[in-house]
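**Q** Produce the entire structure from the sequences given, and follow the hints as far as they go.
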Amino acid sequence: MTDMAASPSPVHLRPGVVTAVVLAIFALLFLAGIGFGSTWIPLETVAQVLLGGGEKTSRLVVLQLRLPRVAAAAIAGGAIAFAGYLLQRITRNELASPGVLGVVDGAALGVVLFMAIFSNDTNSLVVSVAWQPLAAALGAIAAVSLVFILSGRQASSAIRLLLFGIAVAAACKALTTIFMLVGPVYQAAQAARWLAGAVNTINATEIQLMLAVLIPTGIVAAIAARHLPPADLDDTSSRSIGLNLPLYRVFIFFLAALLTAGAVAFAGGVSFIGLMAPHLARLLVGRARLAGILTSILLGAIILIGADLLIRVAFAPLEVPAGTVTAVIGAPYFLYLLMRKDNTNG
Amino acid sequence: MAIAAAAPRIRSMELSRGTIYAVLAGLLALVWLASMTLGYRLYSPAQVWAALFANDGSETATVLAGLRLPRALIAPLAGAALGMAGVMVQTLSRNRIASPDTLGLNAGASLAVVVATIVFGVQSLVGLSLAAAFGALVTSIVVFGVAAGAGGLSPLKIVLVGVIFASLAHAIVEIILTSNEAQLQQMLFWLSGAFVDRPISLFYNGLPVVLIGTVAGFALAPAFDALQADDSTAASLGVPLTAVRALAFLAVSLLTGAAVSMAGPVAFVGLVVPHIARRLVGLRHRHQLAAAALTGAIYATTADVAARFVIYPVEAPVGAITAVVGAVALLVLLMRRLA
Amino acid sequence: MDDMLASRIEVKNLTLSYGQDVILDALSLPIPSGRITVLAGPNGCGKSTLLRAIRRLHAPQSGQVLLDALDISRLTGKELGRRIGLLAQSPTAPQDMSVEELVRLGRYPHQAMLQPWSPRDDAAVAAAMAGTGVEPLRHRRIGSLSGGQLQRAWIAMVLAQETDIICLDEPVNHLDMAHQLECLELVSRLNKDQGRTIVLVLHDLNLAARYADQLVFVSGGKIRDSGPVEAMMRSELIAEVFNIGARIITDPVHQRPMCIPFRRQ
Numbered sequence: 014m015t016d017m018a019a020s021p022s023p024v025h026l027r028p029g030v031v032t033a034v035v036l037a038i039f040a041l042l043f044l045a046g047i048g049f050g051s052t053w054i055p056l057e058t059v060a061q062v063l064l065g066g067g068e069k070t071s072r073l074v075v076l077q078l079r080l081p082r083v084a085a086a087a088i089a090g091g092a093i094a095f096a097g098y099l100l101q102r103i104t105r106n107e108l109a110s111p112g113v114l115g116v117v118d119g120a121a122l123g124v125v126l127f128m129a130i131f132s133n134d135t136n137s138l139v140v141s142v143a144w145q146p147l148a149a150a151l152g153a154i155a156a157v158s159l160v161f162i163l164s165g166r167q168a169s170s171a172i173r174l175l176l177f178g179i180a181v182a183a184a185c186k187a188l189t190t191i192f193m194l195v196g197p198v199y200q201a202a203q204a205a206r207w208l209a210g211a212v213n214t215i216n217a218t219e220i221q222l223m224l225a226v227l228i229p230t231g232i233v234a235a236i237a238a239r240h241l242p243p244a245d246l247d248d249t250s251s252r253s254i255g256l257n258l259p260l261y262r263v264f265i266f267f268l269a270a271l272l273t274a275g276a277v278a279f280a281g282g283v284s285f286i287g288l289m290a291p292h293l294a295r296l297l298v299g300r301a302r303l304a305g306i307l308t309s310i311l312l313g314a315i316i317l318i319g320a321d322l323l324i325r326v327a328f329a330p331l332e333v334p335a336g337t338v339t340a341v342i343g344a345p346y347f348l349y350l351l352m353r354k355d356n357t358n359g
Numbered sequence: 116m117a118i119a120a121a122a123p124r125i126r127s128m129e130l131s132r133g134t135i136y137a138v139l140a141g142l143l144a145l146v147w148l149a150s151m152t153l154g155y156r157l158y159s160p161a162q163v164w165a166a167l168f169a170n171d172g173s174e175t176a177t178v179l180a181g182l183r184l185p186r187a188l189i190a191p192l193a194g195a196a197l198g199m200a201g202v203m204v205q206t207l208s209r210n211r212i213a214s215p216d217t218l219g220l221n222a223g224a225s226l227a228v229v230v231a232t233i234v235f236g237v238q239s240l241v242g243l244s245l246a247a248a249f250g251a252l253v254t255s256i257v258v259f260g261v262a263a264g265a266g267g268l269s270p271l272k273i274v275l276v277g278v279i280f281a282s283l284a285h286a287i288v289e290i291i292l293t294s295n296e297a298q299l300q301q302m303l304f305w306l307s308g309a310f311v312d313r314p315i316s317l318f319y320n321g322l323p324v325v326l327i328g329t330v331a332g333f334a335l336a337p338a339f340d341a342l343q344a345d346d347s348t349a350a351s352l353g354v355p356l357t358a359v360r361a362l363a364f365l366a367v368s369l370l371t372g373a374a375v376s377m378a379g380p381v382a383f384v385g386l387v388v389p390h391i392a393r394r395l396v397g398l399r400h401r402h403q404l405a406a407a408a409l410t411g412a413i414y415a416t417t418a419d420v421a422a423r424f425v426i427y428p429v430e431a432p433v434g435a436i437t438a439v440v441g442a443v444a445l446l447v448l449l450m451r452r453l454a
Numbered sequence: 009m010d011d012m013l014a015s016r017i018e019v020k021n022l023t024l025s026y027g028q029d030v031i032l033d034a035l036s037l038p039i040p041s042g043r044i045t046v047l048a049g050p051n052g053c054g055k056s057t058l059l060r061a062i063r064r065l066h067a068p069q070s071g072q073v074l075l076d077a078l079d080i081s082r083l084t085g086k087e088l089g090r091r092i093g094l095l096a097q098s099p100t101a102p103q104d105m106s107v108e109e110l111v112r113l114g115r116y117p118h119q120a121m122l123q124p125w126s127p128r129d130d131a132a133v134a135a136a137m138a139g140t141g142v143e144p145l146r147h148r149r150i151g152s153l154s155g156g157q158l159q160r161a162w163i164a165m166v167l168a169q170e171t172d173i174i175c176l177d178e179p180v181n182h183l184d185m186a187h188q189l190e191c192l193e194l195v196s197r198l199n200k201d202q203g204r205t206i207v208l209v210l211h212d213l214n215l216a217a218r219y220a221d222q223l224v225f226v227s228g229g230k231i232r233d234s235g236p237v238e239a240m241m242r243s244e245l246i247a248e249v250f251n252i253g254a255r256i257i258t259d260p261v262h263q264r265p266m267c268i269p270f271r272r273q
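Protein chains in written order, with this note's numbering: chain S, 14 to 359; chain R, 116 to 454; chain E, 9 to 273.
No lab work stands behind these hints: they were computed from the structure. Treat the hints with caution; some may be incorrect.
[Stated by the list, open to error] Incomplete in silico selection of chain S near chain R, CB under 10 Å:
| # | residue |
| --- | --- |
| 1 | P55 |
| 2 | L56 |
| 3 | V113 |
| 4 | F177 |
| 5 | I179 |
| 6 | L188 |
| 7 | G336 |
| 8 | V341 |
Backbone N, C-alpha and C fix where the C-beta goes; we use that ideal spot for every residue, glycine too.
**A** Written as structure tokens, this is what we have:
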């Protein structure tokens, strides 16, 4: 049974056109995200700076203060959206998302273990904090690998896979709590904030690291995505087309995990974007593959930049984590999906 | 003829059930004793006896009666409540991996407590307990409403709705907590579930609620039995589906709310315990509920004792321990295709 | 079992719709007591819905189902459960339930709040299991049973309800030939030996013809015709209801009409 019935695009335009429009929205929001702050910088100035020009103070503010955070949001949002796209296509389940496979919670455990192991008696880190994202990535990959090893053949059932993911995630969460309590208050607070998803603490080096990890992964994933089975074929038919399905599936999952880990290692837990963005993309461009990937990524970036912007506008000076905002929107959306999905399935 | 042949078989099954109950009761007593004697400090059974029945005001007696006794009473009561709630949830959702956690009740209760503490500044533990119970109740009504409104209560749908609801509640909790660092540590501990540092008044508050929920559960037991079959069959047997489900949900909320109000959200107890209960006494709900109550009490008390030693000398939140055990159990259930 | 005067069902002007779709259209049908009535018709004609409406699993928009001249909507669920039993299509129960636990479910309509289980219930369960031959299987898990055994266990559950009227919704669809016969022979015996009124929905017209006393053709939410099997097995009628060509011969083994279908030009 396929869960991905073709949903005709309500936007009766060609996918290319829609993607271009989304790209334009993204560009505008990107500039606005940089422009917004204690002083508003006009969009043309921001564009000027990004293209290499602009005067010194503007350059300083834009490149050092504003750009890292917005860029991180864009990259993380896009990466997670792509991961969600891959997961939804390979499991043929529109409810799949990175958060559901234990990736995010594994990353959290990795971070907390890192803090617990590499702190000395005065509770300060003995190694550079730059290693933290690596710890997160390792944790994420370990968690999703565990999900796969344990589920074995049952991974082909989308719902069962979700449940394995929930179980592993729950175990990681519990262990995270225990280790958070082993440390001091400072650690616990920091870990909690990171867990919820914050892009405001990013610096330029971390962005470069992020790009170094995510761009190659993204390219490999884009190439691999060409072999994703069409949405309405079942497993046996796909096999007959010559796709070595189990291996390919594992590879796709690994890529999705890497993308997610790369994103959350820097930006914390923002997993709901991985659910929403691909789904919205499918609503806009239907089943067109390239447009679907591009639109998903752009929408993911838009959502996270938007959420971060919303926090800065509405909640200042409180640093509410972006992930929670997306969760507060994403959860009701998921519920709506659930209700609608069941109605169409009778 | 056929009746006579049937009777001895049935009776022999009842007997072995009786033995099981006796063994469980004995285990509970043992584990209770462990809870009183073991911990950061070790006490002897004699000291326990003295503290309870001949309180001489000494430090030992104060610790035993004031610190150990409350948790030794709350743990089994909360465990029993969660065990029974778990049985009902699994039957209602026809899903052996459902539990009060996966219906979002624990998360809803936590949210209520956090809101009460930070937004309304509620300080008293009793006040927070009421908030927890209220949160569990509201969540159950909303989850029930959402799932029913979408066209019926299919097993998987209930679980998914509940899990997403839980994540929503957790997200809101996180928003509130990261804005209030000072209370974070204390909240974190409670939010994982803990029997420690509780006044005995919580036990007395929780007991009547648990009793009401228990009575409701046992009254619904025959309907629960029929509900194990599909809806059409249950309906044609005369089970008033919606009414039974609504009442059952209320009972589950009461039991879960009581447990959460006493101990915070203790994860996965309602998941693991029903499986053990079914293995021991079969599928009839009168027995499932009874066995789940006993097993839940034993499980929670054992976890509470373990919590004292896992990251000695720091006390681990008992909910984190049950979560790890429960997650492993869930994985085993899934791997063995028992659910 | 003593011969009992089974209750009389009558469907009167029953209309039932799901939203805009009218499934049953002002349907009227008397159901003779102590006989086997089979509802037959093409897919989606409403025969299952009719059966379920008789047991009040669906509420009609208009019309009534009368049980001994009393509108069934006036009865409580349990009362109705003591009068009409229904074996639903593809019923499910936990795989680790024992046969005995399954049959015991049938006593639900007889259980009161304060006296949940009595020797009377034991007797009914034992009789039901004996009547369907599942006594030797009583402690087996239903997940371990064969298709035929499982179906007998379900029938035993319905029997334990001790109802005058038993409805079965496509009880043999998924069974192989041997078990189909076993099941329908059992149902026929229940009717002949115990005088229970049986209402069956059957897919297979020839099986229907073999076991029915009264055959009812349902088509497009209406009763196309009803009557004794001999009268109903006419090729023009079958052609019209089922949209096939039909040649009627006599089944040499059971001396009943039998239909040979062929595609019409």
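**Q** Are the hints correct? Go through all of them and say.
**A** Against the structure, the hints come out as follows:
1. Here the hint on P55 of chain S is broken, as its CB sits about 32 Å from the closest CB of chain R, past 10 Å.
2. A hinted interface residue such as L56 of chain S counts as satisfied when its beta carbon comes closer than 10 Å to some beta carbon of chain R; here the least separation is about 30 Å, so the hint is violated.
3. Interface restraint check: V113 of chain S against chain R, minimum CB-CB distance 9 Å, threshold 10 Å, status holds.
4. With a cut of 10 Å, the hint placing F177 of chain S at the interface with chain R holds, because the nearest CB-to-CB distance is about 6 Å.
5. Here the hint on I179 of chain S is kept, as its CB sits about 6 Å from the closest CB of chain R, short of 10 Å.
6. Interface hint status for L188 of chain S: upheld, as the beta-carbon distance to the closest one in chain R is roughly 6 Å, under 10 Å.
7. A distance limit of 10 Å between C-beta atoms decides the matter here; for G336 of chain S the minimum to chain R is near 8 Å, and the interface restraint holds.
8. For V341 of chain S, the shortest C-beta to C-beta distance to chain R is roughly 6 Å, which falls under 10 Å, so the interface hint holds.
Violation of the numbered hints given earlier is confined to hints 1, 2; the remaining hints are satisfied by the structure.
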